[in-house]
Amino acid sequence: MSLLQRRPGLLPYLLLAPGLLWLVFFFLVPLYYMGRVSLEEGTIFTGYEFAWNFETYTDALSNYDTQIVRSFLYAGAATAIAFLIGYPLAYVIAFRGGRWKTALLLLVIVPFFVTYLIRTLSWQTILADSGAVVDVLKAVGLVSDDGRVLATTGAVIAGITYNFLPFMILPLYASLERIDHRMLEAGYDLYGSRRAVFTRITLPLSMPGVVAGALLTFIPAAGDFINAELLGTPRQAMIGNVIQSRYLELTDYPTAAALSFVLMALILVMVLAWAKIAGTEALMGSEAR
Amino acid sequence: MSDRNDLDIERALDAMMAAGMNRRTLMRHAGAGALSLGVIGFLAACGGDDGGNGAAKVIAKGEVSDTLNFSNWPLYIDVEGKKRPTLDKFRREYGTRVKYTEEINDNVEFFGKVRQQYDRGDSGGRDIHVVTDWLCNRMNQLGFVQKFDKSEMPNVVKNIEDAVASPDFDPKREISVPWQSGQVFLIYRKDKVGGDLTSVNDLFDPKFKGKVTMLSEMRDTVGSVLLGNGVEPEKATKDQALEAIEKIQKASADGQIRRFTGNEYTRGLLSGDAVAALGWSGDAVQLQIDSDDVAYRHPDEGFMIFTDSVQVPVGAPHAFTAQKMVDFVYRPEIQVPITAYIQYVPPVKGIRPLLERSNPELAESDLIFPDLSKSHSLKTFSDEEEQEIEAAFQAAIGT
Chain V
11 MSLLQRRPGL
21 LPYLLLAPGL
31 LWLVFFFLVP
41 LYYMGRVSLE
51 EGTIFTGYEF
61 AWNFETYTDA
71 LSNYDTQIVR
81 SFLYAGAATA
91 IAFLIGYPLA
101 YVIAFRGGRW
111 KTALLLLVIV
121 PFFVTYLIRT
131 LSWQTILADS
141 GAVVDVLKAV
151 GLVSDDGRVL
161 ATTGAVIAGI
171 TYNFLPFMIL
181 PLYASLERID
191 HRMLEAGYDL
201 YGSRRAVFTR
211 ITLPLSMPGV
221 VAGALLTFIP
231 AAGDFINAEL
241 LGTPRQAMIG
251 NVIQSRYLEL
261 TDYPTAAALS
271 FVLMALILVM
281 VLAWAKIAGT
291 EALMGSEAR
Chain A
3 MSDRNDLDIE
13 RALDAMMAAG
23 MNRRTLMRHA
33 GAGALSLGVI
43 GFLAACGGDD
53 GGNGAAKVIA
63 KGEVSDTLNF
73 SNWPLYIDVE
83 GKKRPTLDKF
93 RREYGTRVKY
103 TEEINDNVEF
113 FGKVRQQYDR
123 GDSGGRDIHV
133 VTDWLCNRMN
143 QLGFVQKFDK
153 SEMPNVVKNI
163 EDAVASPDFD
173 PKREISVPWQ
183 SGQVFLIYRK
193 DKVGGDLTSV
203 NDLFDPKFKG
213 KVTMLSEMRD
223 TVGSVLLGNG
233 VEPEKATKDQ
243 ALEAIEKIQK
253 ASADGQIRRF
263 TGNEYTRGLL
273 SGDAVAALGW
283 SGDAVQLQID
293 SDDVAYRHPD
303 EGFMIFTDSV
313 QVPVGAPHAF
323 TAQKMVDFVY
333 RPEIQVPITA
343 YIQYVPPVKG
353 IRPLLERSNP
363 ELAESDLIFP
373 DLSKSHSLKT
383 FSDEEEQEIE
393 AAFQAAIGT
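From first to last, the protein sequence lines are chains V and A.
For what it's worth, the working numbering labels the leading residue of the first sequence as 11, then goes sequentially.
For what it's worth, the working numbering labels the leading residue of the second sequence as 3, then goes sequentially.
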């Protein structure tokens, strides 16, 4: 008799093993080292030594509170805008797409076959101060005559929104697509208005998609540094830029590690807080019931 | 070459398209992107113990070896087809085959890479490395490098340019010998600024609000602003440096300065998003080819120069030959083809008359032959001061 036949209870563990090992090696171990580094003292020139140096955390928080708050504001704004753009789009594709569904979804994804960096750099060219887009915006009065689009807060938020939009649209689409149309029909049969059917049936049923999309957009957006670097100015610097500069320019590994931890912790707190508000049900998907 | 290659995304793109990503861009982008996943932990946890701080030992006399391992920056020696003529000449004369590795793309990154090896007295097989002067100083303080035996280097003694011969950290050039120097300029759009810029202070003119970029390399930007303030960067105090940084910070917060960049300021100038910038001489040639409207100029108050120097690390297997190699390139006739190819400021005297014969146009170029009496470099501050200044500068540029 094989081991599994003797002890069938082992099967789930065996199936979990690859994933668990992955998490241990690529999440827990780095996390441990990062935590260690964040408590070290020294400089790259004298070497770093472990010293339970919690001051790094307090210093990092007090020095970079502006960038931390800014990162969450930008990420929040980008997530909200992505939702406002993404929901109607996903809705139309899911409910009215018909045989074009696949093609329309492909259109959402196709721009993202091009690398992140090149797409962001293209925005630099498109939005250039003396480019056609800005000229038109000036002509219609949306931008003042001496104004600009590039190197502004708006450009950074727009860039983040653009770059993470598919992460919002795809989960929304997946949850909308699964909705049983008979439920909507039942709603109408019970004299529900279009609005009532949407707010009381469609929207609640699509909540898992909303939550997943929001998390998939918000989390990477909060740590992003490319958009602020290429589309912003020092006044738009985000926490990702600070971590990058601390790590690569100043070789101040402890502060970079501490800031990464702070970012991670804050994101975790926000996700948990949201789970509390939206209910674990929404977070885990409606099947969790 | 300092951090001119900083977050040079445009160049990264060019390189990516032309020949695949190079090592540094990979590290910068992939690496930085993955930071929050703990790459920091892995890399930094590898740090070793403190290095010694003893005085460097003089390179012993010996025999010229068959091979020599030379680590340098990319595009920093003459190339002809697949050959490097300077190295071939060295081989013909000394019988030494030089293994030349273009492995240095960034000072700090290179330091991080070799620190542990050098700390153990292991040069990793390297006989020569080339890093910017401030790092040369650090390498020496940590006891990572050997002292040159100047009695074996008659060409260096005789031909070294006065402007680079005695920096404060190495007044006799015993632990570092200059390889090449580069300059920091005002680079601007003639058509958009209406005339010429003459001073670094022009970059603070409200007329150019939001249209100015400066370099993310602290020593270049702070040094230039110090000159604009009438302070000699060689003699600057910490407070004067911090004062200059405050001026930069204010301009950055006001929106006067649009961005702090590595090489990518060239893109902004060409598109017109920036009309005036602090830039590097190495880019000026290409910019002028790209656009007739771009002009460069040395600020009237003087300009910053940065020097990358040769060092022989402790444990170098062929230190004596390395010394010969350095002395070899200080022969003017050997240096000329290097200068003609890479167009940096040569540290060797007597290049100009030779170039006048072989390449008269280049002999007139102020990219190669600036008025060195007006060149400056930032003082070497103590470790603590340096850290404070660097941190203040990073804060001024938003991070």
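There's no promise every hint is true.
[As the list claims (entries may be wrong)] Dumping the calculated BS3-like pairs for lysine-lysine here, alpha-carbon to alpha-carbon at most 27 Å:
id : chain 1 : residue 1 : chain 2 : residue 2
1  : A       : K149      : V       : K148
2  : A       : K376      : A       : K249
3  : A       : K115      : A       : K160
4  : V       : K148      : A       : K192
5  : A       : K194      : V       : K148
6  : A       : K376      : V       : K148
Read the hints as simulated data drawn from the structure, not as lab findings.
Status of each hint after checking the structure:
Taking the CA atoms of K149(A) and K148(V), the gap is near 63 Å; set against the 27 Å cutoff, the hint is violated. Among the hinted pairs, K376(A) with K249(A) is consistent with the structure: their alpha-carbon atoms are about 23 Å apart, no more than 27 Å. In summary, the hint linking K115(A) to K160(A) is not supported, as the alpha carbons are separated by about 35 Å, beyond the 27 Å threshold. With a C-alpha separation of about 24 Å, the suggested pairing of K148(V) with K192(A) holds against the 27 Å cut-off.
A distance of roughly 19 Å separates the Cα atoms of K194(A) and K148(V); the hinted pair therefore holds under the 27 Å criterion. With a C-alpha separation of about 44 Å, the suggested pair K376(A) and K148(V) falls outside the 27 Å cut-off, and the hint is violated.
Checked against the numbered hints given earlier, the structure breaks hints 1, 3, 6 and satisfies all the rest.
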